[in-house]
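Visitor: Got chain A; can you put chain B on it based on the hints?
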Amino acid sequence: MRIVALAALAACGGTPKYLGAELPSACSEGDVERCAGFMAERDLIAGQLDVYTDARLRRYVQAVANRLARGAYLAHPPRVVIGDHDGTYAAFGEQIVVGRRVIERLASEAELAAIVAHELVHLEGRHTSVSLFAPDADAAFLAARRDAEAVADERAVALLELAGYMPGAMPRALAASIDGDDEEHPPRAERLAAATALAGGRTDGFEGRAELMRAIDGMIVGPNTRLGTRIDDTWVIAVLGVAIELRARDVAHVDGDALVIRNAKARFTAYPIGVAWARELANDLLDSAHATTALGPLAVGVAPLRSTRNEDQLSKLQHAVRDLLPQPAPGTWIVLLERPAGGLVVEISASTDDFTRDRWLSAMRAASKRELAAAEPPRVVLHYATRPAKVAELVSVCPDADYALLLDDPNRALAAGEPFKCTDR
Amino acid sequence: MNRLILLCICVAACRHPQATYPAIAAPCTDARVGNVIVVGGTRDDVPQLAVLAGTLDNTERTERIAGVSAQALRDRGFPRAEVRVTRQQGCGVELVVTVDKGPKFRIGSIEFATRDEFPASSRLAALEDALGTINSVGGAYVADRLTRALEQLTRRYHELGWLHAEIDAPKATFDDTTGRVHLTIAVRAGQRFRIGNVIARGGRRGTRAAVIEALGLRGGQWYDANRLREGLVRARREVDDRLEMRMQVESDRIDLEAIVGGGAK
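Heads up: the protein sequence lines correspond to chains A and B, in order.
If you read the first sequence in my numbering, its first letter stands for residue 1, the second for the next number, and so on.
If you read the second sequence in my numbering, its first letter stands for residue 1, the second for the next number, and so on.
Only chain A is shown next, with the shape it has when bound in the complex:
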């Protein structure tokens, strides 16, 4: 069906779309890297609500990337996107996704540049490639991945030098952003040792602590809150402006990428998605019924199987990228609520009795202003050192001193007047 739609659009002179946006010319010219890169960014924006939309911060990080790109083997600077999550990665098509939660832990522009430079090396070295037939993650594949990661760490120091940033920021940035070891990266200790050896304790170059602090002043900190939070007896999904009233014996918690509410054997799993993806899912439901409610358009139905038969190359690629989006398993009963900022997918487990299901659905309402204010995540507020001291000695003025310690190196020595990060609550 989708192939027919694409062909019809092409015949009418229109352009095929992906999640509501016209596909770039790269998709018709066989440039699979750029085409998939475009789709991946649409996934973040229109599929997962996983972009941190702060134009000023994005411009700032983009400027850092532009500065680094001048010394790199790239024809154009990469496009920077701020992800509302932990990870930072080089996406296809010369794009870099920098996680907000990585930025919050950094202490200077040079450290941010170090993180961006690492990803930039992955683009320079063409360490990623798009294939519908992914290789097995065997020993040789993992060895190549680890080599690429080690090279990215080490060459990032050279890119810092070329851009005039302090090379010593590299080991500090790695220390702040790596939590543990995994099989696709060299061990943390090895990475830090290599970066330290190359940086050689050099402290010349631009550090830019004040510049980074200004750029992140007011930035949200902490985990992505799109799954919502409990406010008294209500679960509030602030990003969609939805509240779910909980009754006695309802147990609500975040489990991975979803909100789960249980009551005995009954289970309700919910997750917000972008409007474009919500509309596609609603249109594809089997046995569907649609209604307009006070909260917005509502679709009820069964998640279909997603056939991949007889598809052209572009449709196959679209399906491969779409498979990465949050979505219900085929055959699952779902309720899909569309709100102005996105959609809420609610999966009702087969073990849920009709009474409980209807009670939960009727318990959904628009969140009040008070609830939205209470669900607001903490943000960075800058304070300034009143005397020369270590960060650990200064954060006592912060509303949450423990959290403030997680946002910087506690042993970092600050001069009087230098900024440090607190949260606003």
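It cannot be assumed that every hint is accurate.
[As the list claims (entries may be wrong)] Coverage of chain B stretches by chain A, computed from C-beta distances (three or more under 8 Å per stretch; other residues unrestricted):
#	region
1	98 to 109
2	177 to 186
[As the list claims (entries may be wrong)] Calculated from the model, a selection of chain B residues having no Cβ within reach of chain A, i.e. all distances over 10 Å:
#	residue
3	Y21
4	V39
5	Q48
6	A169
7	R208
8	N226
[What the hints assert, rightly or not] Stretch by stretch, here's where chain A covers chain B in the computed footprint (C-beta under 8 Å, at least three residues):
#	region
9	76 to 90
10	198 to 207
11	243 to 257
Hint data in this document are derived by calculation from the structure and do not stem from the laboratory.
For every residue, glycine included, the Cβ atom is placed at its ideal position computed from N, Cα and C.
Guide: Relative to chain A, chain B alone:
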């Protein structure tokens, strides 16, 4: 209007250009790769090695990355590409990367040696990768991706009823005069299975009838795993997920037995 244009020009001129900072001199030490010199090609041919400039010199790692670079060239249509790395003294260590790409080949033809009824266009489409630029006629031949594509094609055969289908490794014939590579792929499809009996057990008679109706499968049809999966989704809705499916493969058919009450609930 002119005032507006003037104002725009002024605003553009007054904006601060993005600040740049003076570069920091890189130290020249024996532990560090100061430069990567590419001979016989360009940095674009071996980007994985080009980015070693500025890294710690690590002989074993460099050899592994040279292998990755050569494979990447082969993936781009240079099946005989070779990459060699030597060292010389410069600012620190200089890597000299010698690239011998060899001739470029495009796929001239892909022939399946079989007479089975699997749709020919679907066979070819199943092999193509990267928006049709790899493992398609006119595209580059990438052996390992073709191997993985053939594994998927074998599964498609199985799903369409050729339960014992096997596909051999492709035979590639390179024509140096035309720069074309011709691929022959032998398929041993074997017997194609039809659906035999479709029965339902358990539950009430009406429920069983509804399950059979929802499955939408009849004896004598070619077996098709996708149609079976779609039918199962429909049938499970009829009975609130309380459905288990059993398959029995006979000599020439597949019998299907739906057991009502055996599922999740």
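Visitor: Against this structure, judge whether each hint is valid.
Guide: Hints, verified against the model:
1. 98 to 109: Coverage by chain A is violated here, the residue count being 0 at a Cβ distance below 8 Å.
2. 177 to 186: With 0 residues closer than 8 Å to chain A, the region 177 to 186 of chain B misses the three-residue bar; violated.
3. Y21: The claim is violated: Y21/B sits with its nearest Cβ about 3 Å from chain A, within 10 Å.
4. V39: 17 Å, holds
5. Q48: 5 Å, violated
6. A169: 15 Å, holds
7. R208: 19 Å, holds
8. N226: The claim is violated: N226/B sits with its nearest Cβ about 6 Å from chain A, within 10 Å.
9. 76 to 90: Our answer is that it is violated, as 0 residues pass the Cβ test (under 8 Å) against chain A, missing three.
10. 198 to 207: violated (count 0)
11. 243 to 257: With 0 residues in contact (Cβ-Cβ under 8 Å with chain A), the coverage given for the region 243 to 257 of chain B is violated.
Of the numbered hints stated above, those contradicted by the structure are hints 1, 2, 3, 5, 8, 9, 10 and 11, listed in ascending order.
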